[in-house]
Amino acid sequence: DVKVTQSSRYLVKRTGEKVFLECVQDMDHENMFWYRQDPGLGLRLIYFSYDVKMKEKGDIPEGYSVSREKKERFSLILESASTNQTSMYLCASSFLTGANSPLHFGNGTRLTVT
Amino acid sequence: GENVEQHPSTLSVQEGDSAVIKCTYSDSASNYFPWYKQELGKRPQLIIDIRSNVGEKKDQRIAVTLNKTAKHFSLHITETQPEDSAVYFCAAKRRQNFVFGPGTRLSVLP
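One line per chain: the protein sequences are E and L, in this order. No gaps in the numbering here: position 96 of the first sequence is 79 in this note's numbering, and each next residue is one more. No gaps in the numbering here: position 45 of the second sequence is 230 in this note's numbering, and each next residue is one more.
Everything labelled a hint here was simulated from the structure, so no lab data went into it. Certain hints may be false.
[Claimed, not checked] Calculated cross-link-like contacts (lysine-lysine; reagent style DSSO-like; alpha-carbon spacing at most 27 Å):
1. L:227 - E:-14
2. E:40 - E:-4
3. E:1 - E:38
4. L:207 - L:243
5. E:1 - E:54
6. E:36 - E:1
7. L:256 - E:-14
8. L:222 - L:243
9. L:207 - L:222
10. L:227 - E:54
11. L:253 - L:227
12. E:-4 - L:207
13. L:222 - L:242
14. L:242 - E:40
15. L:253 - L:243
16. L:243 - E:40
17. L:207 - L:242
18. L:256 - L:222
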């Protein structure tokens, strides 16, 4: 069974802090994604990566950056956290090829910025 | 880019009745359409999916239909049970990217 593990379930940070959200997958998936989930807005893509050291902007990349130094690990970085980044963050992974390659999600990190 | 709309936003049904959730997409290049179920406090889980060259797929009480011409796809749940209560998300995949609908909160009333 695919396992996508996010390092923290809950985080509370102060405005202006640098925040790291970590995600690790164990299925040798090429693709990794960071989504943000807010009520009524569904899941919105922040960044994704299809290979080590590769990254692509999603729909809402402003205020975020990512790092993919190893295939199994994808980090989301908030350079200077702001209150409007309070949200649920979901990491996901999938295979690169194959039309029937769904996303597998982690349990999510609920981030509160005060 | 791709845009996915989903209706209704909330849906209440009596236990044993059917539930239907509808989604539309904008990009004709999208070729894969998964549905996810998210229970309260849990991760989204894939429940069924369909490729663009297939019109219908069924898995026990769950079925998905796809109309490529009209660019819409639907989730059908028959004989609903209380454990079907959750938020359901549709998605459309184009190349390596998934775009999600805003979700439907389904409540199955005993």
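Hint check results:
no.	hint	result
1	L:227 - E:-14	holds (14 Å)
2	E:40 - E:-4	holds (24 Å)
3	E:1 - E:38	holds (20 Å)
4	L:207 - L:243	holds (16 Å)
5	E:1 - E:54	holds (23 Å)
6	E:36 - E:1	holds (21 Å)
7	L:256 - E:-14	violated (33 Å)
8	L:222 - L:243	holds (16 Å)
9	L:207 - L:222	holds (14 Å)
10	L:227 - E:54	holds (25 Å)
11	L:253 - L:227	violated (31 Å)
12	E:-4 - L:207	violated (38 Å)
13	L:222 - L:242	holds (17 Å)
14	L:242 - E:40	violated (33 Å)
15	L:253 - L:243	holds (18 Å)
16	L:243 - E:40	violated (35 Å)
17	L:207 - L:242	holds (15 Å)
18	L:256 - L:222	holds (22 Å)
Violated hints, in rising order: 7, 11, 12, 14 and 16; the structure is consistent with all others.
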